[in-house]
Amino acid sequence: MAKIGVFVCHCGENIASMVDTAKLTATIADHPGVTVSSEYKYFCSDPGQETVKKAIRENGLTGVVVAACSPRMHEQTFRKACAEAGLNPYMLELANIREQCSWVHTDRDEATEKAIEITRSLVEKVKRNNDLKPISVPVTRRAMVIGGGVAGIQAAIDIASAGREVVLVEREPSIGGHMAQLSETFPTLDCSQCILTPRMVEALQHPNITMMTYSEVEEVDGYIGNFTVKVRRKARYVRMETCTGCGDCIQKCPVKKIPSDFECGLGNRTAIYTPFAQAVPNVPVIDRTRCTYFKNGKCKICQKTCQIDSIDFDQQDRIETVEVGAIVVATGFQVQNTAIYGEYGYGRYKDVVTGLHFERLASASGPTAGKILRPSDGKEPETVVFIQCAGSRDAAKGVKYCSKICCMYTAKHAMLYAHKVHHGNSQIFYMDIRAAGKGYDEFTRRAIEEDEAGYIRGRVSRVFEENGKLIVRGADTLLGRPVEVVADMVVLATAMVPQPDAKDFAKRIGIGYDEYGFFNEAHLKLRPVETATAGIYLCGACQSPKDIPDSVAQASAAAAKVLGLFSKEQLEREPVIASVTDATCAGCWGCVIACPYNAIDRKDITDRNGNVVKRVASVNPGLCQGCGTCVTFCRSNSIDLAGFTEKQIFAEVMAL
Amino acid sequence: MSEPFEPKIVAFVCTYCTYAGADLAGTSRMKYASNVRIVRLPCTGRISPMFILKALQKGADGVLVSGCHPGDCHFAQGNYHARRRWTVFRALLAFTGIPEERIKFSWISAAEGAKFTELINGITGQIRTLGPFEQYQELQKVIETQSTY
Amino acid sequence: MGIQEQYRKEAAELLSSGEVKLVIGYGEGSTAERRRPVFVRSAEYVSRLVLDGSCVANLSSYLVPEGLLSDGKKVAVFLKPDGIRSINILAAESQLDPEQVVILGFDIEGGQAAPLPGRKASDFTALIGSLKSAGLSPELQKDADRLEQMSASERFGYWKEQFSKCIKCYACRQVCPMCYCRRCIVDVNQPQWINTSSHTLGNFEWNIIRAFHLAGRCVSCGGCDRSCPVNIPLRLINHRMAKEALDTFGHYAGESAEQQPVLATFRQEDPETFIL
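Residue numbers (this note's numbering), protein chains in the order written: chain A, 1 to 656; chain B, 1 to 149; chain C, 1 to 276.
If you're looking for bench data, these hints aren't it; they were derived computationally from the structure.
Idealized CB from N, CA, C, for every residue including glycine.
Treat the hints with care, as some may be off.
Stated by the list, open to error - Quick list of in silico lysine-lysine cross-link-like pairs, DSS-like style, CA-CA up to 27 Å:
| # | chain 1 | residue 1 | chain 2 | residue 2 |
| --- | --- | --- | --- | --- |
| 1 | A | K3 | B | K58 |
| 2 | C | K120 | A | K614 |
| 3 | A | K525 | B | K115 |
| 4 | B | K8 | C | K160 |
| 5 | A | K41 | B | K31 |
| 6 | C | K74 | A | K614 |
| 7 | B | K31 | A | K23 |
| 8 | C | K73 | C | K120 |
| 9 | A | K647 | C | K168 |
| 10 | B | K58 | A | K23 |
| 11 | A | K647 | B | K8 |
Stated by the list, open to error - Some chain C residues close to chain B (C-beta under 10 Å, calculated; not the full set):
| # | residue |
| --- | --- |
| 12 | L147 |
| 13 | W159 |
| 14 | P191 |
| 15 | I194 |
| 16 | N207 |
| 17 | A215 |
| 18 | R240 |
| 19 | M241 |
| 20 | T265 |
| 21 | R267 |
Produce the complete structure using the sequences and hints provided.
Dropping the structure here:
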């Protein structure tokens, strides 16, 4: 038999002035199953809560309805009070007669009538509430960081330094990411390699970090605290365990003219190679698509050269399974393919390059050893035109957003150019100069005032070649007239775009992404490093365009979230989750497809001999977030949601 | 003359957006018609077409179903799934003669207390004009007479 | 050789070679124009199979009973294009393995049965694609249009009259290949979502929810219409749902065995003009 206690709160005058609480209390007292019905000025106060607790104990109440404010306000308060009085905290409902009644209505009779109905329907609901227990999930206190750029490195080091194990996965042969390609970094102009390589080495040598380079995440299974990740360890054809990184094999490799991705095609590499000299780990890989031995079955010069027999042509890709409790996604970005700007002649004119090309030209370790030489003839350009927003903020080219870093790096490029080519003339076409950040505006001012970068506000309509020069034709919108600049080189500040396989990757690991393919955070403002999938976090440019300071800050924030999760051995979760009635499930798997969290699996039902008699849906309590989408889909009504069961809602509606 | 008709309206809302929006209307002391009864659910994904039928059976003259705007769902996709179901169910109800004016769907965010207020007032006014949903309630009367034999 | 002889011969070959354990086809019914399902397990009985213009029932529903296909053996079944679409849906909803179904396909043209080439459901993909392009039944649409031109109140009256006849015999459910649930929503009594007695409100709820559950799944085989003892135009309401799925979501039930259920998926750009 239900014994329900109803506690009508006056909330001072907030409720009592518009709702006849005495009438509400008296009417509800007569409702079947209601044992106690009382009113009080402030039930949320200590004496108020004591009254509730006393009533629970003395009357052996099986359920409580507090008719007061929104459950968003005091549900937790009264759940705690119930628990302290020995009643399961989920045997409580709040009837919202303040925010959704007394405060919004002006007729006392109408408000009272509504308050009675609200309370009555929740009495009917609470009669059907069930004892629920928070779900306890064990936590594997090891993290995986996917992506070894500056964000991933930072997150890995932070987690590892706090004493937790980290597996750092990078798909390229070396960690370092895009930052390793940069020359000098704004707004301080420190050399990128100089500040990054110590971090790369620290990550490699950290006792808590296991590095998996040249490896890709194939599959993520499980849920917060308990992920099983399958990682494809791509065959390097070089034994990691023994290779000393002496580089003899690279020297001797006969295939030398392969355009290097790291150098943006401005330099070459061999078939056995490390992407750059400071690669971490400093172990080469063989590019099997270019290797003479793999193509013709003959060569093996590298193997002959290697004095410690570290070349192994028989290596195969292998899948390694890793158990982790949390995942940090730091997969970074790509530079937009500027071929879509036919009017700027990218790909047609050798001297029209992207910002990333320019980084390599300006880099002391780059193909020109830091001299700004134009690709076509290796001459020093006298005039360089920089075009900002080459792709960004241009819906017609598919990128509506601002790539955030281009204003800054273009100013930096102009500065580097001025420092290296003293008589050089730089002209920058821009839409707006966005230099918000510590020391950023000062930096762009310096480019203009000290390094004499010419800023022209306007768009470029065309770049074409004439007599060996690049003619840049555009508009100066401040002066309201067309301009034409004769240049030796054009640098396009191309948009930052998601990795080409970002959407597939997101589906594979079960996180959301936006229209472009940047990964979605759980809440843009309040949960910026979490994803909607519990236990998976984001940092760096995979979430949105970011510069180095932002990426690093976000990486540390993600690490803090991971460490918070790892602070306990068990994770407690709200028990509002779905469950399946095995007997009636028809196994159509609509729920499996509909579930936004991939929380529903197929489960075999076996007889006593172990033969599978049927397969039914099964909700993983660690993954289920309790939205109830599956419940509504299920035609046979075989799924239900704790806390909002079919019986509860039915009773609630039928009492209205 | 009898008293003016006051419709009964049942709103099925998700707790994260529309319920919070209704709370905001309260904390902002906006005023709206008292005809609406709110049933709180975790997500629009949980709102079954059966709920709407049961509300009609219990004498609702109008039903509102409301949740987070697309892209804002706390559960990422619940409202997208809900939207498809609504599209189909709404067509079905219309085809069986349940007036579209009586079954409304909306997106109301936690910040849209004013929208909630306007919507409730608008729907209440509209259904006042339409009058009670006697046709549906007559189906109910058949039950009552039949079950008394 | 006529189509009936040809298909009898094929059935005999399938059975005697052991490729299939059972052939589900049509046999003589209680009147000259009625057909009833026959289940042939041995080649010697293939003469009981009839194939002509009266073979209209969608026999795919006989594949669903639990246990029939659990031994992994194949079953041959006479199917029109609507039935082949049903096989695709049943496969998409994991109720059967399409590899176990040998299709003896035919269609009825001008009152005569005509053979359709193909053996597996996937052989008919192009045919189903052309049916999708041809669109839904214009006759049913004419009826639907007639109803939609009425006022809501008149339409309500129409369906009230129709549904008031329902005796909740569940023949519509029994005949429908899509109604394979082991427990139907109407049989749920905790809580009792649908009033089960045969009064109009409960009938209304039952028929509405059944139509909702068939949205994007009904292939318009007409089984419900034919089986209804009180002649409720059930196919019409299901047709309206099929139209909604096709017009709004481009979903044509049973296009392939990989098709995802229309109500378990979504597109961000799905239309929502009705949402305030």
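Query - Hint check, failures only - result: none
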